[in-house]
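Starting from the known structure of chain S, fit chain L onto it as the hints suggest.
Chains as they are written, first to last, in my numbering: chain S, 126 to 324; chain L, 38 to 623.
Hints may be right or wrong, so weigh each one.
In silico BS3-like links for lysine-lysine, alpha-carbon gap of 27 Å or less [unchecked claim]: (1) L:Lys236 with S:Lys228; (2) S:Lys228 with S:Lys256; (3) L:Lys236 with S:Lys224; (4) L:Lys236 with S:Lys223; (5) L:Lys224 with L:Lys236; (6) S:Lys289 with S:Lys251.
Quick list of the computed label-pair ranges, beta carbon to beta carbon [stated by the list, open to error]: (7) L:Ala560 with S:Pro133: 21 to 27 Å; (8) S:Glu213 with L:Asn515: 58 to 64 Å; (9) S:Glu137 with L:Ala560: 38 to 44 Å; (10) L:Glu78 with S:Pro133: 20 to 26 Å; (11) S:Arg187 with L:Gln618: 38 to 44 Å; (12) L:Gly607 with S:Glu295: 40 to 46 Å.
Simulated from the structure, these hints should not be mistaken for lab results.
The beta carbon of each residue, even a glycine, is placed where N, CA and C say it ideally should be.
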Amino acid sequence: MTGEMPGPAPDERMRPAGRRNTQGIRIDPEAEVTHEPRQAVLSALVEHEPGVLAEVSGLFSRRQFNIESLTVGPTEDDDVARMTIVIEEPQPGIEQAKKQLQKLVPTISVTELAPETTRRELALIKVSGEKPDDVNAVAEMYGGQAVDVTADSVTVELTGSQQKIDAAVEAFDQFDVHEVVRTGTAALERGGHTLENDD
Amino acid sequence: MSERASVQQDDQAESEATEAQEPVTTGAQSVIRALENAGAEYVFGVQGGAIMPVYDALYDSDIGHVTMAHEQGASHAADAYGIVSGEPGVCFATSGPGATNLVTGLADANMDSDPVIALTGQVPTDFVGNDAFQETDTVGVTQPVTKHSYFADDADTVGDEVGEAWALANEGRQGPTLVDLPKDVTKGETDVEPSGPEKPDTYDVPEEADDENVQEAADALAAAEKPVMLAGGGVIKANASDALRDFAFEYEIPVITTMPGIGCFPEDHELSLEWAGMHGTGYANMAITNTDCMLAIGTRFDDRLTGGVDTFAPDADIIHVDIDPAEISKNVHADYPLIGDARDTLRQLYDAMPAAPDADGWRTQVQKWKAEYPMDYSTPDDEPLKPQYVVERFSDVTPDDTIVCTGVGQHQMWASQFWEYTEPRTWVSSHGLGTMGYGAPAAIGAKLAAPDQEVVCFDGDGSFLMTVQELSVAVRENLDITYVILNNEAVGMVRQWQDAFHEGRRMASEYPWIPAFDKLAEAFGARGFRLEDYDNVEETIQAAREYDGPSVIDAIIDPAENVYPMVPSGGDNGLFALSEQHLEQL
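Okay, chain S solo, but in the shape it has when bound:
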């Protein structure tokens, strides 16, 4: 084959001393540093119109952002919906997710909520109806209540942080869990601060 070009071979060339990691960040060659993934809660105000959910979920999927939950619902303003998106990514991935989300035309604003943010999730847990009293006792322990009781099943409603719901679901395991449905996290910042008065 032809097309060769003149010049010193690769091993005869000047070489730089440094190196970058896979995230494109310069590193000390001796001690490689990479960002570990962490959980981030993003709250986005978006225009309340058809197709927005598909646009947002499509963005997260095609850019391979690791999404844990996504909730969406109306707000105090009829034209605006609010999405709460929980992702698990290294810091550069979280930054990318925020910026890419902000770029979507229907997106009004994107904020990463502080770790002490109020976060709640709703879960409905349907278990066997054989021991309704015991089920009630466990439900009370987690601040929940039975919302539907039949001869063969009890459905319990719970709200709380993701960790609390995780623990509750585990506790209900003893009653033969038939079905679980969880809404994913909804979150609001503590105190008077709102996304609207961000600037």
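For chain L alone, coordinates are given in the frame of chain S:
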């Protein structure tokens, strides 16, 4: 002049004015009015059932229409029109297959940030969701490859939506947008006149970079010992080539471009290192690897540029100027992020520089690399014609503002390596998406955007065959374009990779038979030339250029010719191979 005559004249003037401002009565007329308001000059498109009302409204408009052979061609022609003119290129297609055929061109425009607006017909809103004839979820299909896709659902607002899509395609980081137009909406009655193009409220366009950040970046660059500028396609998009040149000349900093940035800096200037990356020059790749401070403007650090990011400019502080905040630290960490328009930010940096970097030694080193790694090739008498020679001879005889379009593959690399580019908007190619077949329709869009400039399209035999039908359009419109097919009877770049990385197992890369492109050209009504010998290169180029209309040179080149230098995918730019032996050593 009698009073009566004067009155008649006034009446006439008034009636002409009224004619120009005929009120809109349908959604379709509102769509066309919005395009007129925006200043659209041409539409590239293909007719069809669901888009017919829009075409009917175009019948009365001064906007020109170019009927393309295939919707993909319409999208590429619009893309090239956008690159050359700087304004959005417009393409039309009907619903279903018409719309899906546009997708490649939209994805291409999205990757290269080219301004394009696509208007697609759609089945009437009552039929949407019923799997109606020629129904496709066009918004769903195109959303991932546009800045935004609109679904119009009201004749009263459709014109403003088109205006918004135009503004969105044009402003900030340019890119493609689409408006899907159900037939009942375009046929629907309205008397609402669309206003001028206005970007959506939720879309922010950063203007000036923060002064303090600019100062820090300027201080870092001024303190550098081995500075380079890396100029991407964003420099051209922002009309910042003059600002870039002023900066480089004043502070004597060597300039490397990316492939989309080709033309923003004159390649015949001693500070030019041409372009870096997988098949970039040896000297650009040496400089980009060994620099200690890089001023990168309007580039997204694509993997074909960076190679492996672990070895990309590993000693460099990176100053990254971009209008899209999401490009900052996406692939390569920016030490000094500057979010803003390339032209404005370069001017800010120019003023903020405390002094020129003390880089005499570095500039000497850079010139040494230019001498050590010349872009040379051999032309032995006993081997077939070398493609590089054809490109160089063509470059020698054409004016500086000649526009070069290409398809994708080996020919594209030779056209970018061996043509000398000195002006912005003269290099029209498919970079990020790597769309074979881009060239033939792109040349049509480029020629209409710049009718007074010469247009040459280098294509490969494989690439040309993908969109060759657009030659019929070039003939119909009598566009003076010279197509040069660098014909090696193979998908050459794939063949090269098979030889290098797949033990020479040439699966599906060689064509056992290929049409004679000179005869094919004649069948289309264009002029055809066949070129096989060095002796005929100049005269064939001259004859093709002199022919007033589209011509095709079928240049039979050495099928064994490979593209070098080469950085293998994910490799180290500083270890670029100059031969197959080098590749084996890596």
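Against the structure, the hints come out as follows:
1. L:Lys236 with S:Lys228: holds, 13 Å
2. S:Lys228 with S:Lys256: violated, 52 Å
3. L:Lys236 with S:Lys224: Cα-Cα ~19 Å, so holds.
4. L:Lys236 with S:Lys223: With a Cα-Cα distance of about 21 Å, the restraint between Lys236 of chain L and Lys223 of chain S holds, given a limit of 27 Å.
5. L:Lys224 with L:Lys236: holds, 25 Å
6. S:Lys289 with S:Lys251: With a Cα-Cα distance of about 17 Å, the restraint between Lys289 of chain S and Lys251 of chain S holds, given a limit of 27 Å.
7. L:Ala560 with S:Pro133: 21 to 27 Å: With Cβ atoms ~50 Å apart, the hint is violated.
8. S:Glu213 with L:Asn515: 58 to 64 Å: Given a distance of about 59 Å, which is inside 58 to 64 Å, the answer is holds.
9. S:Glu137 with L:Ala560: 38 to 44 Å: Since Glu137 of chain S and Ala560 of chain L have Cβ atoms about 53 Å apart, the given range 38 to 44 Å is violated.
10. L:Glu78 with S:Pro133: 20 to 26 Å: violated, 51 Å
11. S:Arg187 with L:Gln618: 38 to 44 Å: holds, 40 Å
12. L:Gly607 with S:Glu295: 40 to 46 Å: holds, 44 Å
The structure does not agree with the numbered hints 2, 7, 9 and 10 stated previously, though it agrees with the rest.
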